Amino acid sequence: MTSIYTNGDNPHFQYVLGLGDDALILGHRWSEWLSKGPNLELDIAASNLALDLIGQADLWLSYAAELQGEGKSSDDLAYLRDTHDFRCHWLTEQPNTDWGLSTARMLMFSVYQYIRYERLVNSSDERIAEIAKKALKEVTYHRRFATEWTMRLGLGTDESNRRLQKGFDTLWRFVPELFETTAWEQELADKGIAVASKDIEAEWTEVISAILAEADITMADTAGKRVIGSRHDGHHTEHLGHILAEMQFLQRAYPTAQGATW
Amino acid sequence: MYTTDLRTAEEKAKAAKDEIKVAEEGMAEFQARIDRDEFIEPKDWMPEGYRKTLIRQMSQHAHSEIVGMHPEGNWVTRAPTLKRKLILIAKIQDEAGHGLYLYSAAETLGVSREELVRQLHAGEAKYSTIFNYPTMNWADVGAVGWLVDGAAITNQIPLCRCSYGPYARAMTRVCKEESFHQRQGYEALLEMMKGTDEQKKMVQDAFDRLFWPALMMFGPPDSDSAHSSQNMAWKIKRFSNDELRQRFVDATIPQAEFLGLKIPEQIKWNEETGHYDFGELDWDEFWDVVKGNGISNDDRMNARNEALEDGAWVREAAAAYAEKQRAKSKAA
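Respectively, the protein sequence lines represent chains G and A. Take the first sequence: its position 171, counted from the start at 1, is 171 in our numbering, and no numbers get skipped. Take the second sequence: its position 181, counted from the start at 1, is 181 in our numbering, and no numbers get skipped.
Since the hints were derived computationally from the structure, they do not count as laboratory data. Since the structure is predicted, the reported quantities are computational estimates derived from the model, not experimental observations. Backbone N, C-alpha and C fix where the C-beta goes; we use that ideal spot for every residue, glycine too. Some hints could be false.
Below 27 Å or equal to it, Euclidean Cα-Cα: the simulated DSS-like pairs (lysine-lysine) are [to be verified]: (1) A:K83 / G:K72; (2) G:K72 / A:K200; (3) G:K36 / A:K83; (4) A:K83 / G:K133; (5) G:K166 / A:K324; (6) G:K36 / A:K291; (7) G:K133 / G:K191; (8) A:K194 / G:K72; (9) G:K191 / G:K137; (10) A:K176 / G:K36; (11) A:K291 / G:K137.
Among the chain A residues that face chain G by a calculated CB cut under 7 Å, a handful are [what the hints assert, rightly or not]: (12) G165; (13) A168; (14) Y321.
All chains, please: the whole structure from these sequences, using the hints.
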């Protein structure tokens with residue numbers, strides 16, 4: 001199926017859309033932990049992460065809708081696009097198989113988001129800078145939470161180390177995608193609007209390897225390993241379709257009419 | 001602990017008599033304090049029955065908050081807009097917070113949260129029967145806020161003046177948050193009632209299914225209630241089940257009318273009493289659900305057990321890590 005937005009069309013919009021979709025899908029994954037967490041404190045923590053991320057998604061997607069200029073809302077973008085129009089990284093889509101995988105993913109992605117936001121705070125696009133500034137505060141906490149849990153699981157018991165290691169091993173193949181940089185993203189970066197993903201790989205790798213070494217987790221060798229396809233062309237793992245089927249159910253099954261809302 | 005009692009028989013008898021005298025005097029003083037509307041605090045003397053009743057009531061309350069996360073959690077991944085999703089997550093987070101807060105308050109009576117959770121999982125402790133009803137459509141989420149939190153507030157506002165200090169203070173905070181939930185739930189339904197016929201139908205359906213079980217949240221009728229009179233004297237309870245139920249009906253029916261809902265036929269305004277008559281509730285259904293036969297009883301307990309079992313290795317890891325850190329800082 002052809003994507004409505006082809007790779008490279010309206011890059012400014014696509015870039016902000018990607019920031020929003022990452023936050024939305026990862027936030028959705030955290031919301032799945034509610035009432036299923038290992039204890040009450042972690043139910044509360046998971047809901048905090050979900051609230052922060054979905055709140056960020058709302059800000060990014062509202063701005064994306066403005067850049068798109070078709071009079072849509074953040075909800076239209078979240079609830080009325082199909083998988084091929086989503087721009088989230090594959091890492092965010094992966095299912096919560098256990099607390100180990102969710103921790104591994106949160107460490108990988110919160111460090112990534114932190115570095116990205118830290119640079120986007122200086123974006124020449126004031127709106128991006130403003131949202132990044134707010135989100136950076138939240139992601140600073142997410143990164144700390146993920147680091148602490150990486151230590152607890154990595155150094156806690158043999159089982160927790162094994163499960164956390166498995167989480168990292170499962171997710172590692174989605175790491176190269178985090179740093180893929182399209183020509184249009186590079187152009188936006190050259191204008192000072194965006195961050196070229198490849199430019200943050202070294203810092204990410206340095207931070208992650210230091211944490212994993214301390215947590216007694218082995219870092220996989222990603223050289224030469226990558227998943228083919230691109231989120232920019234609408235390629236995703238099968239998991240995203242299931243997230244959307246659930247998340248968009250009401251909007252799809254009961255389209256509202258005449259300005260009615262939910 | 002081993003002790004050797006070297007007292008004579010007479011000495012022992014006298015001591016026992018003294019103990020009874022002290023207990024009787026203690027009981028009179030305890031009741032006098034309650035009658036003066038003083039708060040009883042954790043370190044104060046209290047009768048064993050008072051302590052037990054409070055543990056039962058507070059832990060049931062905490063369990064209800066925790067189990068209550070499930071019917072709402074059922075819709076988190078399907079909430080229809082980002083705003084509704086955020087509101088729902090925040091509400092469920094509040095419930096977890098209330099549970100935590102209430103378990104902590106119960107712990108001041110000398111019982112551990114682990115033991116209370118064990119009682120819930122072993123089926124020894126109860127939680128509110130309302131949570132054994134399923135949330136079937138999106139309007140149920142609004143209706144739970146409006147009706148279930150609404151009924152809870154009606155029950156809990158008097159408990160802000162409950163004689164046990166930690167419980168009263170917990171209730172003050174919980175009530176503030178619950179009344180926010182109640183308004184949010186009602187607002188969501190108002191919005192849906194402005195919408196399509198399908199949306200309106202969802203709201204009516206939710207009301208029809210959840211209204212009667214919400215009335216049962218106040219417990220069995222006064223004529224059947226096992227714990228009432230002593231609890232009234234101890235000011236653990238300040239109004240009877242039926243009084244509170246009537247108060248809730250009187251407040252809720254005009255709200256339902258304002259929403260534009262069809263009100264059940266048996267509910268009629270009574271000019272003489274100045275209250276709504278609502279007839280007999282189906283108490284057979286209530287007891288059936290208490291016994292485990294509600295649509296969702298098994299699902300709720302399975303979900304709790306699953307979370308507890310799946311999370312065991314995480315809790316063990318956190319404990320082991322904390323222990324290692326302690327040993328490390330001690331060695332340093």
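Structure-based check of each hint:
1. With a CA separation close to 16 Å, the supplied pair A:K83 and G:K72 stays within the 27 Å bound.
2. Annotation: proposed proximity of G:K72 to A:K200 holds, straight-line Cα distance about 25 Å (limit 27 Å).
3. Between G:K36 and A:K83, the direct Cα distance comes to roughly 22 Å. Compliance with the 27 Å bound is thereby established for this hinted pair.
4. Between A:K83 and G:K133, the direct Cα distance comes to roughly 21 Å. Compliance with the 27 Å bound is thereby established for this hinted pair.
5. Proposed proximity of G:K166 and A:K324 is supported: the alpha carbons are some 23 Å apart, at most 27 Å.
6. Our distance criterion of 27 Å between C-alpha atoms is met by G:K36 and A:K291, whose separation comes to about 25 Å.
7. This hinted pair checks out: G:K133 and G:K191 have alpha carbons roughly 19 Å apart, not beyond 27 Å.
8. Restraint check for A:K194 and G:K72: the C-alpha separation of about 21 Å stays at or below 27 Å, so the hint holds.
9. Distance hint between G:K191 and G:K137 is fulfilled; the C-alpha atoms sit about 25 Å from each other, no more than 27 Å.
10. Taking the CA atoms of A:K176 and G:K36, the gap is about 26 Å. The hint holds against a cut of 27 Å.
11. For the hint pairing A:K291 with G:K137, the CA-to-CA distance comes to about 49 Å; that exceeds 27 Å, so the pair is violated.
12. Hint on A:G165 is violated. Least Cβ distance to chain G is approximately 23 Å, over the 7 Å limit.
13. The criterion of a C-beta within 7 Å of any C-beta in chain G is not met by A:A168, whose closest approach is roughly 22 Å, and the hint is violated.
14. The criterion of a C-beta within 7 Å of any C-beta in chain G is met by A:Y321, whose closest approach is roughly 4 Å, and the hint holds.
Violation of the numbered hints given earlier is confined to hints 11, 12, 13; the remaining hints are satisfied by the structure.
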